[in-house]
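What follows is each chain in one-letter form.
Number of protein chains: 4
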Amino acid sequence: MSAERTWTVGVTGATGYAGGEVCRLLAGHPNLRLTGVHAASSAGRRLGESQPHLLPYADLVVQPSGPADLAGYDVVVLALPHGASGAVAAGLPDDVLVLDCGADHRLADAAAWQRWYGSEHAGTWPYGLPELPGQRGKLAGARRIAVPGCYPTSVTLAMAPALAGGLVEPEVVVVAASGTSGAGRAAKPNLIGSEVMGAVSAYGVGGVHRHTPEMVQNLSEVAGRTVGVSFTPTLVPMARGILATCSAKVLPGTTAETARETYLAAYADEPFVRVLPEGQWPTTAAVLGANTVALQVTVDPDAGRLVVVAAVDNLTKGTAGGALQCANLALGLPETTGLPLVGVAP
Amino acid sequence: MSAERTWTVGVTGATGYAGGEVCRLLAGHPNLRLTGVHAASSAGRRLGESQPHLLPYADLVVQPSGPADLAGYDVVVLALPHGASGAVAAGLPDDVLVLDCGADHRLADAAAWQRWYGSEHAGTWPYGLPELPGQRGKLAGARRIAVPGCYPTSVTLAMAPALAGGLVEPEVVVVAASGTSGAGRAAKPNLIGSEVMGAVSAYGVGGVHRHTPEMVQNLSEVAGRTVGVSFTPTLVPMARGILATCSAKVLPGTTAETARETYLAAYADEPFVRVLPEGQWPTTAAVLGANTVALQVTVDPDAGRLVVVAAVDNLTKGTAGGALQCANLALGLPETTGLPLVGVAP
Amino acid sequence: MSAERTWTVGVTGATGYAGGEVCRLLAGHPNLRLTGVHAASSAGRRLGESQPHLLPYADLVVQPSGPADLAGYDVVVLALPHGASGAVAAGLPDDVLVLDCGADHRLADAAAWQRWYGSEHAGTWPYGLPELPGQRGKLAGARRIAVPGCYPTSVTLAMAPALAGGLVEPEVVVVAASGTSGAGRAAKPNLIGSEVMGAVSAYGVGGVHRHTPEMVQNLSEVAGRTVGVSFTPTLVPMARGILATCSAKVLPGTTAETARETYLAAYADEPFVRVLPEGQWPTTAAVLGANTVALQVTVDPDAGRLVVVAAVDNLTKGTAGGALQCANLALGLPETTGLPLVGVAP
Amino acid sequence: MSAERTWTVGVTGATGYAGGEVCRLLAGHPNLRLTGVHAASSAGRRLGESQPHLLPYADLVVQPSGPADLAGYDVVVLALPHGASGAVAAGLPDDVLVLDCGADHRLADAAAWQRWYGSEHAGTWPYGLPELPGQRGKLAGARRIAVPGCYPTSVTLAMAPALAGGLVEPEVVVVAASGTSGAGRAAKPNLIGSEVMGAVSAYGVGGVHRHTPEMVQNLSEVAGRTVGVSFTPTLVPMARGILATCSAKVLPGTTAETARETYLAAYADEPFVRVLPEGQWPTTAAVLGANTVALQVTVDPDAGRLVVVAAVDNLTKGTAGGALQCANLALGLPETTGLPLVGVAP
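Chains as they are written, first to last, in our numbering: chain A, 1 to 346; chain B, 347 to 692; chain C, 693 to 1038; chain D, 1039 to 1384.
Hints should not be assumed to be uniformly reliable.
Said to hold, decoys possible - If we take Cβ atoms under 8 Å as the criterion, some of the chain B residues that face chain A in the derived model are:
id : residue
1  : Ser540
2  : Ala545
3  : Thr572
4  : Ser576
5  : Gly650
6  : Val655
If you're looking for bench data, these hints aren't it; they were derived computationally from the structure. We treat Cβ as the ideally placed atom computed from N, Cα and C, and that holds for glycine.
My request is simple: use the sequences and hints to build the entire structure.
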């Protein structure tokens, strides 16, 4: 396939954070050309009103977001609230590449969907995390891809090698700090700046966050057995970024050294996953705006636990960058095409 | 003892954050009168140069911090780097109330001190956490008190009822987010604003943070058996506050309801510990500048873990407020005298 | 009047930021006792739901906010949107002390009100800025007081000595940075954390901010002639605080030294205004939560301008603290009663 | 010149913020290839230790920063403290393109340099602000370029059209808010996170900031007469970005409409300068990481002043992006090559 070939892309939900990040990354992609933006609430207005940072697209007029409005693109990116993707996708031809940044098509178990989301399951699409064992092949040539959630991206990549390698027991404890963009752009009283600045808070405690079954699904598949996940998300005063601290009890024989070797081997060929040099711990600042995951692993011999910390930008590798990485695979482009490896720091 | 009686107080380390917070709280205490400030590096300068928020004390001249310089106070507060308190305290008369905000006199086990701090153990003083079972009585009338560390304050209060009540197994996993003031006022490259704003990072991972043995000591005493603690501290972009997320596997019979009842009962009479109404989760914003701890507890039945989240201001209840709470007990004043119950929010 | 006498206080708008700050300060006031909280939208709910930092008042039930609901208090504090105070105040007896934290009763010129707010003028009350020449006497014993706006508090105190002392021409340029709490607690899309963190923006540029006529009124009265004010407010990523940078062309003879002397003399006896030592410039951090204003003044001889920088907490001295300072004067209490002089830093 | 031609680039000061940003942008530039990094203090260490966000360059070893160490590059970027560039540049061949991000070669007036910096003037190089009238031509083919300062970039672009167009009197008042990265990476006590978060402060007040003579030089040249600049910088709690609020008294005939037309005309063909649609005001968030300047202009008829607000990323268009824009011109590449037009938001 020629490097010069281009595909047209339409983004729906383009006035939100995930959709805006897709647009930002498309501006730097040589083969994907953003030709239309759609949204439910701002149709008819210039994109620049809601997304002033998207300077080259400022004068694009936002179009409606019904299924019929999305006809004619080579690639359609759905950045919609959960529950909305199914109907939209159903109206698109099979040969259009559809990337769903929402949760609708991630879970394989319809009952799990029903339990956690309380609506009918829209179906299961190939899961867009190429770094999972065997997953890359399923995405090559695919035309429907379920982009992983931001927390599951970080937690799955953090714990998969330990579980696949039999280093730990199948019970994982995760506490993750997230920037506020993970909560979306809706103006809710608890999300206004005065409330979130200078404050850390917990939410969705006790296993009730909807990303939990996605983590369980991913880690169980990797481990080849059911993995329990205790997940507590917290909100920290920054716009972007997730730092996930994950741990599990070590099985006999696991040391900091064997853990490190396992992780280095697991990700040796992954362009977007970086196991940091010994002694250096991840910071979200280093991955801001980049499609990368920074990891570090150690073992606490006193507590008998393996601890992994992962940093990811929830909007980039955690959503929009992950989506375009899948698009590259689906379209036969080199996987890293157009995706930033460098974070914006400080 | 008359409510009108006053004691003179000298604070050493007054140009740092912990010392500055002691001064701030003394300004609102009716019985304790700040009459002298000391510090190693700024002696001879006005306090207002380093602590411009302490308006009423701006023109106090900082004095040297040697043992002889601290003579003549009724109460001396030590806010010094670890390892420095022992020598200073040794030079003070037995009837002077000495509150050590540093770590030197917290650990009962000299070998543990040696392992974690690498120097000779200065000795063990009554541990200044009145909310621990049986501890309040040991502080009444005491003249040497070891003020708890900020992380141990939050984690101990978070997990003590569950361990004392036999709700959980004795293996606790803690991930705590801390504001940068917990790292002190020294100008280190990784602490400058450009590095910490917009960033969350982990440090001291794998059981190497020096607050770990203090948590183990406290929780083991409460549980009546050795408790393992896996502790990961993270640094978040705010100046003050700790949010500690703590969990442990539940023992049979423990439910969200029994857990809640246990916590409500444990803290029913504690003026500074608040178990929040059901469904409300702690935020550090609500305890900023207050001598309070906000807690919430639940059980995740899928993961089989009890989860407790605690919010505390590391400088107030976590250090300086905790110190003055102990001073009140030691001097026979009502325990809540002069201590703020209201946080500064938003 | 006995120091032991207490007055009951009702606060309406208690679930907002200004109202919440009034409650916070009342918790530390020995003579004013908060006995009721009111709000339009949260009536019937516990105050702790919306104001978790107000621990001692958490279980107060929010009452409706109609005029009849406010009967029976000795003191009523109105923390309402502009336009709402007039009707509420009209229903309260003359001997009740009413403090209006809103704009309704600040402007003396009904036409100016009409121009800037587009509604009928509710009337003019004594203006609650005791530091203005001659103003303190008007507040003693008053029963209706218009609490100044946050920006006008900082700008008036910053420029009054220069204009009263004939140091500058009567054209003032102000650029002020404000924390987001100044915009209130309503959930607006441009105020959510993801938008304001990591960002500075201008708003109300070109003389359209409604605090402008209040500044013009104050400074013109001080100067004895009409003063022009070019005012640009900006929003910065913090919850509280205003830093106002004010300048005007110097008249012949004005130097940094004469300016400094003028300011030191003007505020020598003011308990809440601090002209900083030479070379030290204000930071909002030092006045956070305190009822103080920090000022510094200099002259730029190249540009021929006097420059004053003022720091104030918009919610404390800029609103709620200013209100209680006025209450002290109105009720015959020492002016500083119950008001914090110490900021919460870092 | 072929689009495929590449030039090798060496960056000295690569472990600082300006140097790091040059490296970040080089990672996205198709014709410039970073082949060596240099720094005074970290020589011999991996770049990833100090710049973990520069993933593709993490394993580059930092080399010393003496003149001899910089031999052999096609392009050398100097990101050094002021006073250091002259000696380094003197040792480089004339045909090497040298971009000085420091102040040393910006001022045309040696006496002004001497007054403001107190050292001998290193000389004057072509000034790298292509948007200044007539300046673009001087940069084409140049081999020595003085990259403008961050504040002067924003202020010059903000006020040049008004002064060139005779809209205002030649006395400009500027108050600018800057993120902390503008103060560099040195660990100073006033720059640690605990001090800058939640705080706005002024510094360099009264015309003493060293960027003042550069603004005066630029604006005077544009105006054809001496322009006075009253400049007050303030530090706000974010890592990156400058928001400059600039104003001057209008001359007769200047209205909001004529001002807007003048600005639209002045920047109609500039790829990196955007005059925002009417009613939309700049925010630094929209230009974060982008080589763009966002401007808005209005006239306050009451105060009789034209007000312009400009947003720029101090490290991108304000330093490193501006440098590469000049490099493009100097090397005959399209001016926009490899430079981001899209900001990273939220």
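Here is what the structure says about each hint:
Given the 8 Å rule on beta carbons, the hint for B:Ser540 holds: about 4 Å separates it from the nearest Cβ of chain A. A least Cβ separation of about 4 Å between B:Ala545 and chain A falls short of the 8 Å threshold, and the interface hint therefore holds. Using the Cβ-Cβ criterion of 8 Å, the hint placing B:Thr572 at the interface with chain A is not satisfied: the shortest such distance is roughly 11 Å. About 4 Å separates the beta-carbon of B:Ser576 from the nearest beta-carbon of chain A, less than 8 Å, and the hint is met.
Below 8 Å, beta-carbon pairs count as interface contacts, and B:Gly650 has one with chain A at about 7 Å; its hint therefore holds. Restraint check, B:Val655 versus chain A: the minimum CB separation of about 4 Å is within 8 Å; hint holds.
Of the hints listed earlier, the one the structure fails to meet is number 3.
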